[in-house]
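Trainee: The residues making up each chain are set out below.
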Amino acid sequence: MDTITTTTGLNYLNNGYGLKSWLLTKDHKRIALLYLWSVTAFFALGGFFALLIRLELLTPAADLVQPETYNKLFTMHGVIMVFFFLIPSIPATLGNFLIPIMVGAKDLAFPRINLLSWYIYILGGLFTIVAAATGGIDTGWTFYVPYSTAASNSHVILAGLGVFITGFSSILTGLNFVVTVHRMRAPGLTWFRLPLFVWSHYATSLIMILGTPVIAITVLLVAVERGLHLGIFDPALGGDPILFQHLFWFYSHPAVYIMILPAMGVISEIVQAFARKNVFGYAFVAFSSLAIAIIGFLVWGHHLFVSGESTYAGLIFSILSFLVAIPSAVKVFNWTATIYKGSVSFESPMLYVFGFIGLFTIGGLTGLFLATMGLDVHVHDTYFVIAHFHYVMVGGAIMGYLGGIHYWWPKITGRMYPEGLAKFAALCVFVGFNLTFFPQFIVGYLGMPRRYAMYPEEFQVYNVLSTAGASVLGVGYLIPIIYLIWSLKNSPLAGPNPWGAKGLEWEIPSPPPTENFAVTPVVTQGTHQYAPSREVGIAH
Amino acid sequence: MPTSGSGDYHPGPVAIQPGGHGDPHAVHHPKLQHHFDDMAQQAEASTLGMWVFLVTEIMFFGGLFMAYIVYRYASPLGFEEASHELNLYLGAINTAVLICSSLTMALAVRAAQTNQSRGTQVGFLLVTMLFGFGFLGIKAYEYWEKFHVGHVPGPYFVWDGQYPHAAEQFYSLYFAMTGLHALHMIVGISIMTYITIMAWRRTYDAEYYTPVEVAGLYWHFVDIVWIFLFPLLYLIGGHY
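Going line by line, the protein sequences match chains A and B.
The numbers in our numbering rise by one with no breaks, and the one at position 455 of the first sequence is 445.
The numbers in our numbering rise by one with no breaks, and the one at position 40 of the second sequence is 20.
By construction, these hints were calculated from the structure, which means they are not laboratory data.
Note that the structure is predicted; figures quoted are calculated from it, not measured.
For glycine and all other residues, C-beta sits at the position ideal for the given N, C-alpha and C.
Worth double-checking, as some hints may not be accurate.
[What the hints assert, rightly or not] Okay, derived cross-link-like pairs now, DSSO-like style, lysine-lysine, Cα gap no bigger than 30 Å in a straight line:
id, chain 1, residue 1, chain 2, residue 2
1, A, 267, A, 413
2, B, 119, A, 10
3, B, 126, A, 16
4, A, 479, A, 16
5, A, 413, A, 331
6, A, 331, A, 267
[Unchecked claim] Just a sample of chain B residues kept apart from chain A, beta carbon distances all over 12 Å, derived:
id, residue
7, 13
8, 17
9, 21
10, 39
11, 72
12, 75
13, 95
14, 119
15, 124
16, 128
17, 148
18, 151
19, 183
20, 210
21, 211
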């Protein structure tokens, strides 16, 4: 099937050179790489702010930066990491690259809209960077009113517009995925033959489509309120700040699932490849993605337990928050059952899988603490919350992202990466991460509130551990950036399928040709048949 | 490598059938993009894409409707008093104008779909745009009127009724909701301009009319938003 491409050696990377061939490309694979560079840059920027935060918290006094500056640091860290790294990270890079290939299509349904979404993302990013560079914002990434409408400086409008604009990039990505999965699947590729990566991205896209417009209108109203004095949220103008919190979390809680669901899709792929088994309970894993997306929309009220929400509303939100843990647990159990009696090997993508399963489990279970109304009153706005969501977002989403980048790197670039270094980096990330955030559970439970530059001396030992861990974590992130770039020229060629993995993406050359498939594939069985199907088994 | 020596390698699920889908030698419609198999798939993708986009628009306006529900529930009498000051006749005329524009829009889609002359297609599109401009003109007059009597929220807001506080909130929502709607009308007219130019160049016929249809979906959606805005803003104060 790849005779044309092997004879000419033409692939998406060498099919045209120069800036214009990249900036005006409609190829989903090149757009994925544009996103890869941009989200990496934003990750570095957000990480830089995190570094300053951790350095400041090394000592109890506010000695490195003033409290006002500290407020700006954690705000910029949150805004950049959430809106400009975590949300686009896996969908816009790996999803963009792989979904058309996994469904046997030549491209996403709307290639121009795909490119547009990248430009929108960059424009939104520029707004936010300008806001940061010209004075910063100190509202926290949540933009809570009245901080954002009355108390803060006017750069809130710029940063808010940045979030508003970049929201459209996420909407357009989700729209493109939904239409592609519905309308572009190759002949014979039924829904239940789709890779689980596609299922999880489909569920993610639903959240992007249904949730993002709500945050868009919310931050737009904050900007309008500041600019034109319309009284929507600001109590001084007759507005209701609690309405802001409801609208904000209606998106921002599901946004957590925008971050974690694609990572779960990555894990489902890798775990099958390195356990060399079909996933345990395919349909359960597939539907648990949809269940997370749907129930995830009904839990936002657990962020408002201490905001004057009625006890009855709180009770319902608490129960629903417990419910969303069930499909998440289904996935964890099914991955574990997939590994059980598999012929497991420990290449670096699989190390990230083990890291993900353990850390996500801790992150998820501590989420149940926070969904419990009484306990939440004790730990609300403490480092316990910080530790919880970093276990989900960093221990979960970024582990999945790094695992996915390693797993598909040979497909994306055509070259392997140095496995020894990769294993060492994965170890650094795991150790550094736990050293950073586990002490925060303890110090949070003991009562250290979030978002303060100063803290009592008895909390210092936990903060020193945390800062030490962050340094190890930083090294763990730096090493892959270096060796992955190095591998582009120096690593051995990967070949079409270095892992012996299943799925359409492993049946085309690495790097793939621009059109992905010389001829549209016709799919005759599930795309992930690691084990012989039952009928074949009887024949043996 | 992981598979080596396992001895039970199974061939992948792909079978290539030359001459099937994606055969490069088939004759293509000039408007068929390379990544689609045929015109039907392309049309289905475009319309589904627009429907999904309209879902996002519903959620976008939904935030404002939510705010409306919360504040009207908080002060129903104040909202009625404030609504009473809106010009019911202009609102009703504008509703009629938009419903007529939806009719001409639907006729424009039908004209393309049934291979009618470019004159007919362009005519219906132009009338649709004309209704759109008419709506915006009346809306602009209403805004001017509100500026004139001091019903624009902010430091210069004037209200001599019983509920000045709720009235200001009502007018905050009024301007936010109708303003966002008017913005969508302006976008709609821009899209219609493009569609009209393309129709004049004889782009659309029974085989290829998806852009007209998709633009029509958007136009109808913006009309429907107004169908909800009109009673919520203009009619609630009408019964006293």
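Trainee: Please go over all the hints and tell whether each is borne out by the structure.
Mentor: Hints versus structure:
Between the alpha carbons of residue 267 of chain A and residue 413 of chain A the distance comes to roughly 23 Å, so the proposed pair stays at or under 30 Å and holds. A C-alpha spacing of about 44 Å is found between residue 119 of chain B and residue 10 of chain A, which places the hinted pair above 30 Å, so the restraint is violated. Using a Cα cut-off of 30 Å, the hinted pair residue 126 of chain B and residue 16 of chain A is violated, with the two alpha carbons roughly 47 Å apart. The hinted pair formed by residue 479 of chain A and residue 16 of chain A meets the criterion: a straight-line CA distance of about 25 Å does not exceed 30 Å.
With a CA separation close to 23 Å, the supplied pair residue 413 of chain A and residue 331 of chain A stays within the 30 Å bound. Using a Cα cut-off of 30 Å, the hinted pair residue 331 of chain A and residue 267 of chain A holds, with the two alpha carbons roughly 9 Å apart. Consistency note on residue 13 of chain B: stated as away from chain A, yet its beta-carbon is not over 12 Å from all of that chain's, at 8 Å minimum. Its beta-carbon lying about 7 Å from the closest one in chain A, residue 17 of chain B breaks the requirement of being farther than 12 Å from that chain.
Residue-level check failed: residue 21 of chain B sits 6 Å from the nearest beta carbon of chain A, not beyond 12 Å. A beta-carbon of chain A is positioned within 12 Å of the beta-carbon of residue 39 of chain B; the least distance is around 4 Å. Consistency note on residue 72 of chain B: stated as away from chain A, and its beta-carbon is indeed over 12 Å from all of that chain's, at 26 Å minimum. Once the 12 Å rule is applied to beta carbons, residue 75 of chain B is consistent with being away from chain A; the minimum gap is 24 Å.
With a least CB separation of 26 Å from chain A, residue 95 of chain B remains clear of the 12 Å interface cut-off, as annotated. With a least beta-carbon separation of about 17 Å from chain A, residue 119 of chain B lies farther than 12 Å from that chain, consistent with its non-interface assignment. Against the 12 Å criterion, residue 124 of chain B stays outside the reach of chain A, whose nearest CB is about 17 Å from its own CB. Against chain A, the non-interface label of residue 128 of chain B holds: every CB pair exceeds 12 Å, the least being about 18 Å.
The beta carbon of residue 148 of chain B sits about 6 Å from the closest Cβ of chain A, which is not more than 12 Å, so the claim that it is off the interface is violated. Its closest Cβ contact with chain A, about 8 Å, brings residue 151 of chain B to no more than 12 Å, contrary to its assignment away from the interface. With a least CB separation of 17 Å from chain A, residue 183 of chain B remains clear of the 12 Å interface cut-off, as annotated. With a cut of 12 Å on Cβ distances, residue 210 of chain B stays outside the contact zone with chain A, its closest approach being about 20 Å.
With a closest Cβ-Cβ approach of about 21 Å to chain A, residue 211 of chain B is found to remain outside the 12 Å limit, as its non-interface label requires.
The structure is inconsistent with the numbered hints 2, 3, 7, 8, 9, 10, 17 and 18, although it conforms to all the rest.
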